[in-house]
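2 protein chains.
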Amino acid sequence: MKRSLKPGTMLYPLPAVLVTGGDMEHSTVMTAAWTGIVNSDPPMTYVSVRPGRYSYGIIKAAGEFVINLTTAAMAEQVDYAGCVSGRKEDKFEKLGFVKEPGEVVKAPMIAQCPVSLECRVTEAKELGSHTMFLAEIVRVHADESLFDKNDRICLEKAGLLAYIHGGYLPLGTRKLGTFGYSVMKPKTQKKKAAQSRKMSLMKAKNKEHKKKDTVFTGKKTLVSK
Amino acid sequence: MKRSLKPGTMLYPLPAVLVTGGDMEHSTVMTAAWTGIVNSDPPMTYVSVRPGRYSYGIIKAAGEFVINLTTAAMAEQVDYAGCVSGRKEDKFEKLGFVKEPGEVVKAPMIAQCPVSLECRVTEAKELGSHTMFLAEIVRVHADESLFDKNDRICLEKAGLLAYIHGGYLPLGTRKLGTFGYSVMKPKTQKKKAAQSRKMSLMKAKNKEHKKKDTVFTGKKTLVSK
Numbered sequence: 001m002k003r004s005l006k007p008g009t010m011l012y013p014l015p016a017v018l019v020t021g022g023d024m025e026h027s028t029v030m031t032a033a034w035t036g037i038v039n040s041d042p043p044m045t046y047v048s049v050r051p052g053r054y055s056y057g058i059i060k061a062a063g064e065f066v067i068n069l070t071t072a073a074m075a076e077q078v079d080y081a082g083c084v085s086g087r088k089e090d091k092f093e094k095l096g097f098v099k100e101p102g103e104v105v106k107a108p109m110i111a112q113c114p115v116s117l118e119c120r121v122t123e124a125k126e127l128g129s130h131t132m133f134l135a136e137i138v139r140v141h142a143d144e145s146l147f148d149k150n151d152r153i154c155l156e157k158a159g160l161l162a163y164i165h166g167g168y169l170p171l172g173t174r175k176l177g178t179f180g181y182s183v184m185k186p187k188t189q190k191k192k193a194a195q196s197r198k199m200s201l202m203k204a205k206n207k208e209h210k211k212k213d214t215v216f217t218g219k220k221t222l223v224s225k
Numbered sequence: 001m002k003r004s005l006k007p008g009t010m011l012y013p014l015p016a017v018l019v020t021g022g023d024m025e026h027s028t029v030m031t032a033a034w035t036g037i038v039n040s041d042p043p044m045t046y047v048s049v050r051p052g053r054y055s056y057g058i059i060k061a062a063g064e065f066v067i068n069l070t071t072a073a074m075a076e077q078v079d080y081a082g083c084v085s086g087r088k089e090d091k092f093e094k095l096g097f098v099k100e101p102g103e104v105v106k107a108p109m110i111a112q113c114p115v116s117l118e119c120r121v122t123e124a125k126e127l128g129s130h131t132m133f134l135a136e137i138v139r140v141h142a143d144e145s146l147f148d149k150n151d152r153i154c155l156e157k158a159g160l161l162a163y164i165h166g167g168y169l170p171l172g173t174r175k176l177g178t179f180g181y182s183v184m185k186p187k188t189q190k191k192k193a194a195q196s197r198k199m200s201l202m203k204a205k206n207k208e209h210k211k212k213d214t215v216f217t218g219k220k221t222l223v224s225k
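The listed protein sequences derive, respectively, from chains A and B.
With my numbering, letter number 15 in the first sequence gets 15, and the count goes up by one each step, no holes.
With my numbering, letter number 112 in the second sequence gets 112, and the count goes up by one each step, no holes.
So here's chain A without its partners, still in its complex pose (with noise of 0.2 angstroms):
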């Protein structure tokens, strides 16, 4: 049984993001929920900001932004970065977040974040408290961490932050199933299985080498052969 309620911005959870602007030098961080993806091809993303926000002047005039997706283990300096504005102090400085210079555009990366996608406006859509930026998604990059041995990103490694509706949540790190797993054929439901088996017995047989080396390098003494 649903309560009915007046109209609100009740759709979560949303990604609590780090947006920045600016360039190396004179950079920008400010938090946002409010960003999604609204096209596949090409890649296309968007934040909507409040005019009256510090960043808002730098992303208008630069034309250019990064989204960095933050962890469970940022909660509070993502709050903080939604909290305070930059025109008060230097919230890299603050937080203690690294920049690093991205590839396409200046402003830069946020070292901490697992993700960072470099994004360029391609136009600035008022809609009332907000502005939305539609950008491009021109480079992405992803924390070495993420990939597997087949360089496919396992992004449940990273332990993403997620927000809802005043709060912080961190995700879960099992998935529930794979796209398309509900539609899977037995045939492949099983290959797939097989797969998983074959990767958990190289992934136990490869960490009983990194201990047998361990014990080589670290205590010669230890090792019988």
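Please note: incorrect hints may appear among the correct ones.
No copy is singled out in the list; a pair is fine if it fits within one copy or between any two copies.
As the list claims (entries may be wrong) - Here are the simulated lysine to aspartate or glutamate pairs, DMTMM-like style, with alpha carbons at most 25 angstroms apart:
1) Lys125 <-> Asp41
2) Lys2 <-> Glu25
3) Lys157 <-> Glu76
4) Lys190 <-> Glu123
5) Lys6 <-> Asp151
6) Lys198 <-> Asp148
7) Lys2 <-> Asp143
Honestly, the hints are just simulated from the structure, not real lab data.
Quantities reported herein were computed from a predicted structural model and do not represent experimental measurements.
With chain A held as given, fit chain B onto it using these hints.
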């Protein structure tokens, strides 16, 4: 250390929602993650849909749709609704989704979903692979079970479903913090903590009462007084 990748839609976590269209009799339902909030006042959202999708024509013609938030328990149904076309079968029937009428738009809400947003399209923007339906949220419906004693929505109770890069993840249940907690004055923190303790005590007392009630109603002989 980050690896540089070609442009892609690597922005997560996103909500895995069920978008309904049509009316109570002839309805369509599809899964979408290309959705989010674009404006706070008036509350506005969007959903980006490929023109080839069955729902596309129905939403475009009606200029209305409903966004239904989903839970981790519904992951398989959500996946199915994103893989199979409404041209092939009635997914409401197949998935056991119960329709509820909205108040403003004709598209049905899904009873099993914890939150439904009635939306009215303001613009259809062709971006390439997808058309972004920008829309005003004209009414919100939230399940009674999500409200606390002070009639505040506790969305973390819903067990919402997130979509990340080809897979479904549950959300954690414990808030890492509420918006603004990183800059909260110690006085306010203390006040909030006291309120929280009071609420917990009240809850515990209520539980105690309920337990007694149950015993009293069910097995009178067990109550000594």
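To see whether the hints hold, each was checked on the structure:
1. Lys125 <-> Asp41: both (20 angstroms within a copy, 14 angstroms between copies)
2. Lys2 <-> Glu25: between (51 angstroms within a copy, 21 angstroms between copies)
3. Lys157 <-> Glu76: both (20 angstroms within a copy, 22 angstroms between copies)
4. Lys190 <-> Glu123: neither (47 angstroms within a copy, 45 angstroms between copies)
5. Lys6 <-> Asp151: between (47 angstroms within a copy, 14 angstroms between copies)
6. Lys198 <-> Asp148: Within one copy only: 14 angstroms inside, 47 angstroms across.
7. Lys2 <-> Asp143: Classified as between; 4 angstroms across copies, 42 angstroms inside a copy.
Violated hints amount to a single one, hint 4; each of the other numbered hints is respected by the structure.
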